[in-house]
Every structure is written in structure tokens, then in C-alpha cells.
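Enquirer: Chain residues, written in single-letter form:
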Amino acid sequence: ETGVTQTPRHLVMGMTNKKSLKCEQHLGHNAMYWYKQSAKKPLELMFVYNFKEQTENNSVPSRFSPECPNSSHLFLHLHTLQPEDSALYLCASSLGLAGGPDTGELFFGEGSRLTVL
Amino acid sequence: AQTVTQSQPEMSVQEAETVTLSCTYDTSENNYYLFWYKQPPSRQMILVIRQEAYKQQNATENRFSVNFQKAAKSFSLKISDSQLGDTAMYFCAFTKAAGNKLTFGGGTRVLVKP
Chain A
-16 ETGVTQTPRH LVMGMTNKKS LKCEQHLGHN AMYWYKQSAK KPLELMFVYN
34 FKEQTENNSV PSRFSPECPN SSHLFLHLHT LQPEDSALYL CASSLGLAGG
84 PDTGELFFGE GSRLTVL
Chain B
68 AQTVTQSQPE MSVQEAETVT LSCTYDTSEN NYYLFWYKQP PSRQMILVIR
118 QEAYKQQNAT ENRFSVNFQK AAKSFSLKIS DSQLGDTAMY FCAFTKAAGN
168 KLTFGGGTRV LVKP
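Going down the list, the protein sequences come from chains A and B.
When the letters of the first sequence are read in order and numbered with the numbering used here, they come out as residues -16 to 100.
When the letters of the second sequence are read in order and numbered with the numbering used here, they come out as residues 68 to 181.
Keep in mind the hints are simulated off the structure, nothing from the lab.
Computed from a predicted structure; not experimentally measured.
One or more hints might be untrue.
[To be verified] Calculated lysine to aspartate or glutamate pairs in the EDC-like style (CA-CA distance at most 16 Å, straight line):
1. A/K24 - B/E77
2. B/K168 - A/E67
3. A/K23 - A/E67
4. B/K163 - B/D93
The following block holds chain A by itself, in its conformation from the complex:
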């Protein structure tokens, strides 16, 4: 496997459900990200992890709970979501802040399309 892999690709859930999105990167990167992509809106950064530590939480509601057990895996746990949370959730990775130059380039997965009923 190569690159950044996201599962599931599609998810439909009710407002009372609990589900999780998974992201795995095989690039040896140290930083991982969750972005939200809604129709007619710019990509919104949600969370950033560097070396498993959360370094950015962009005022995301607590019904979204990230987890980064190691530098290769990132989860987004979902609980009591709202219909307006329906969107494409993109995971990405990059070299990360390792005390050296980071080109800033992100490598993206194909996304998980979430629909909240």
C-alpha cells in the first residue's frame, strides 16, 4: 500500500450514532491532519498532530474527537453529530516539524464522505 488511506469511503449515520473514521499513512511522515470539505466552502483545518501530539484544534466542537496512537494512524471519533456536519473529511500527512525544513506539502487521502441524517 502507498500514500494515505482513509476508511470508510462513505458513511451514513444518525444523530445518535457513534462512528469512527480511520486514516493510515505509509509515507514515514510525522504530521497528520484532519480537514473538513463542505460544498461551496474552503477546506477547513480541524486538527493537526505532530509526533502523536495534538498541536492544533481549530475550535472544533467536542462531538468530533481525534485520536493519534502513533505517527502512522489517525482517527476521528464521531458522536451525536448534526446534519450540518455532513461533508467530505480529508486526512493528510506531511513530514512534520522535526527541527528541519518542512516543505509544507501535504499528501491527502481520498476522503470519507459523511452523511448525517
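Fit chain B to the supplied structure of chain A, relying on the hints for placement.
Expert: The following block gives chain B in isolation, referenced to the frame of chain A:
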């Protein structure tokens, strides 16, 4: 805070012709990186081209080139000899040189017509 603006929501171009996408940004930083990303209908976002702010020379990648005007805070993308596979959403993005957080523009949908 940085902002990135793409003023063209949608553009169409005939196959083999040239199209230019505009992007402006606002920052107080002096060192930063700018990017153009492509998101085809299959959805995976891929990097098209990257520019370091300290480099005056415009970046080029095969049929893709940029016009980077630092003073004007402008970063346009030119797609030459457009191909059907260029049909996609194109996003302009910015990051500080010392950071690893990209700020994206709203995107421009490009449709290449046969």
C-alpha cells in the same frame, strides 16, 4: 491570520488551449510557501506546483507554471495545452515557512472541453 482568495469559482477551456487561474493571499509573513493543488472528480487532492516566497523565479512543472508577484501577493496558475485530464477543482494554498498548517482558497472548478 492568513487568508487565500480565489475569485473565479468556475472556468472552462477548450482542449489544447491555455487557462489562467487567479489567487491572492494576505499575510504579514516574509517567508512562506504557496501551492496549487488539484482535486479531480475522484477526490484525492494532489500537489500540482509549489513556490517558495524567497525565490524570485517562477516555478514550472511541465504544462503548469505560476506567476508569483510577491509585492502584489498574487499567485496565478497557468495551464498550457489543456488536456481532458486537467478537469478538476484547483485550490491555491499558503503556509508559513516555519509552520505546517495550510490555508486554502475556496477553489476554482476547471472544465476542459473536447
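Enquirer: All hints, please: hold or fail.
Expert: Against the structure, the hints come out as follows:
no., hint, verdict
1, A/K24 - B/E77, "holds (14 Å)"
2, B/K168 - A/E67, "violated (24 Å)"
3, A/K23 - A/E67, "holds (13 Å)"
4, B/K163 - B/D93, "holds (12 Å)"
Violation of the numbered hints given earlier is confined to hint 2; every other hint is satisfied by the structure.
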